[in-house]
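Q: Grab the two chains, each in its own frame, and use the hints to assemble them into the complex.
Residue numbers (my numbering), protein chains in the order written: chain C, 1 to 88; chain D, 89 to 365.
To be clear, the hints were calculated from the coordinates, so they are not data collected in a lab. Even for Gly, the Cβ is constructed at its ideal location relative to N, Cα and C. One or more hints might be untrue.
To be verified - Just a few of them, taken from the derived set where beta-carbon distance is under 10 Å, the chain C residues facing chain D:
1) Gly18
2) Leu20
3) His24
4) Glu27
5) Ser28
6) Ser50
7) Ile88
Claimed, not checked - Taking CB as the label site, the calculated pair distances span:
8) D:Gly232 - C:Ala55: 40 to 50 Å
9) D:Ala358 - C:Ile88: 39 to 49 Å
10) D:Arg94 - C:Asp45: 51 to 61 Å
11) C:Ile88 - D:Gly194: 51 to 61 Å
12) C:Ser28 - D:Glu109: 36 to 46 Å
Letter by letter, the chains look like this.
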Amino acid sequence: MKDHPRRKPDYQLEELDGELLIYHPTESNVVYCNQTASLIWHLCDGTHTSAEINALLSEAYPDAAASIPADIESTLHTLTQQQVIEWI
Amino acid sequence: MDLSLRREVHFANSAIAVEVEGERAAAIVKFLFRSISAEGTAQPHVTYRVWSGAAELVLRRADVTLYRGSSEAECADILLGDSTHALADRSSGGLLFHAAGLVWQGRGLLLPGRIASGKTTLSAWLALRGFDFLSDELIFVPTGSTTMHALTRPLNVKSPSRSALRPYFDFDRHAAQLLSTPRGDLIPVELLRPQNELSAAALHAIILPQYAPDAAFKLEALSPARAAFALVDTLVNARNLPNHGMPELARLARSIPVQQLVYSNFAQIADRLEAFK
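Okay, chain D solo, but in the shape it has when bound (with noise of 0.2 Å):
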């Protein structure tokens, strides 16, 4: 593993550099970045700089210290969910979403939704039930086509939504391989499924969650105009679209069908779980 690099993370026409020294600085960059493409065209406009030394963490972007501490899921945290954000402000030349990615044998399905609507935990067990992972947190679906492509980084599954999937996913026995913090746990993938095959994938239908406690299980089919209105609330990058992002929503409204998904456990939706495939 080297100990002083610099890498490039690229997604959606963006990009950021990270520069590491550090064997345990090394260590947390290619935990969150390994299946993530290290090169593209577009020119890194942020540079995120890890240090690790014997006792001690710190990270920075450009001037700014994130972080300066021990731990390193704390630092894996932050920096994940920072160059997140740094990577989707820049990103152009297609629709981002903020949403959850899965594929059932070859065909896509996003879930968008925004922070606590249970994508991350609902696409969490749908892994652990044979979907194939893409990823949990942002979908990017170039201009003019039907592909998802995805930022494939380890979950980031929040601590409320730990009793949810402990019967699926023992979160003890895999501690050693996570990165924990009293908010949540990263979990790479291949822990919830093996046999993972992160790719892009041929968009086949779009849901989206909202998780309710104690609510009945709606799933209803949307209007292209209802469909692409939701979409929306999560499109990231629409201030970097021509007119917004609308026409290319509209779009893709019109080609691909959209429901909208209400539940309060996931037993409802095992019962009725061919409508995801």
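Chain C with its partners taken away, still in its complex shape (with noise of 0.2 Å):
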């Protein structure tokens, strides 16, 4: 079953204050991560699934637990439809 996440090459981060942008050299495609979005696209390494992100960003945001679930599944989700993460 592939369910690690991992972020595709040749894509390019540009990181404003926590905030990052996601874009191709040679496409038009660009993908905006607020600075929770930010942190799960820096875990998509390919070594995590998404419950073992899920464990690391709640341990160290235990008062953001609650949202944590929701934002890790609509981030990949949406990270997944623009097509800059694969699944391995």
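A: Following this line, the structure appears as structure tokens:
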């Protein structure tokens, strides 16, 4: 089962005050990530499942633990739809 | 007035050429392009030919006939739109925005927005309120700079916007000086603001306007990332730029405050005009 999200190669980043713009140098698609989504993006290295990402962020930000699962699901859905991550 | 001439139009490191024959044709070209530079280093990549006879006007782009008829306004409207697109198509060396540009006491205000965002109507109203007018269509910010350069041409006010501007501008009194079609009016800038100073300006603020009928007024500061993301939609020459212009957009968003504006009438803006200065 492919349950490890991984950033696709060749995408460039512009980081501005903890938020991200993800873009491809030859394509017109641009993805905006707020600070939470930026953290999730950075954890998409192919070694963590979404459940493990949830656990890591919930431990790091216990005050936000209630909203983290929904944020992760939404972000990963968006990043998948925008084709900037792949599942391995 | 030359009755047979060739004029180049240069903007944003791009150029077109216009060959003219006939008095009416020459008048159209002067009306449209008199405030845009005729000199530059770019080679014109497309040539328009405008010819006028006793009863007919003909406009061609290379071998394609864009207009044949008797209406100066129709011919001008088509030439303006097509040539603007042609200039934008080859622009490079900076960010070219689909945007209006105005200046208040040396401070440049950029109003980027897609079609129907209200930028032409808003920029016309601001010009009537004392802002110097640069453009209602294209603004160029060279790479590494925060100076705005304008494609200064007649305002292209769409017909639905007439009612919004009518309290401030007498369309009927100025009818002879406009070029009007059923779709809208081409208005020389000096009719809105006789003392207008046309020039480049240092960029001071960016406001993304969105007209929405019956909407509550909103003027919201955007984070640099959200600002750059919003500006992507209004960047017309991205494919001619390294990395689609993203590093430059990010640089600009870090340097210049950006706000999102939602409005439904000018009274809302009049109460908060200081935010635009």
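Q: So, for every hint listed, does it hold in this structure?
A: Now the hints, each set against the structure:
no., hint, in the structure
1, Gly18, "holds (8 Å)"
2, Leu20, "holds (7 Å)"
3, His24, "holds (8 Å)"
4, Glu27, "holds (8 Å)"
5, Ser28, "holds (6 Å)"
6, Ser50, "violated (24 Å)"
7, Ile88, "violated (27 Å)"
8, D:Gly232 - C:Ala55: 40 to 50 Å, "holds (44 Å)"
9, D:Ala358 - C:Ile88: 39 to 49 Å, "violated (57 Å)"
10, D:Arg94 - C:Asp45: 51 to 61 Å, "holds (59 Å)"
11, C:Ile88 - D:Gly194: 51 to 61 Å, "holds (55 Å)"
12, C:Ser28 - D:Glu109: 36 to 46 Å, "holds (41 Å)"
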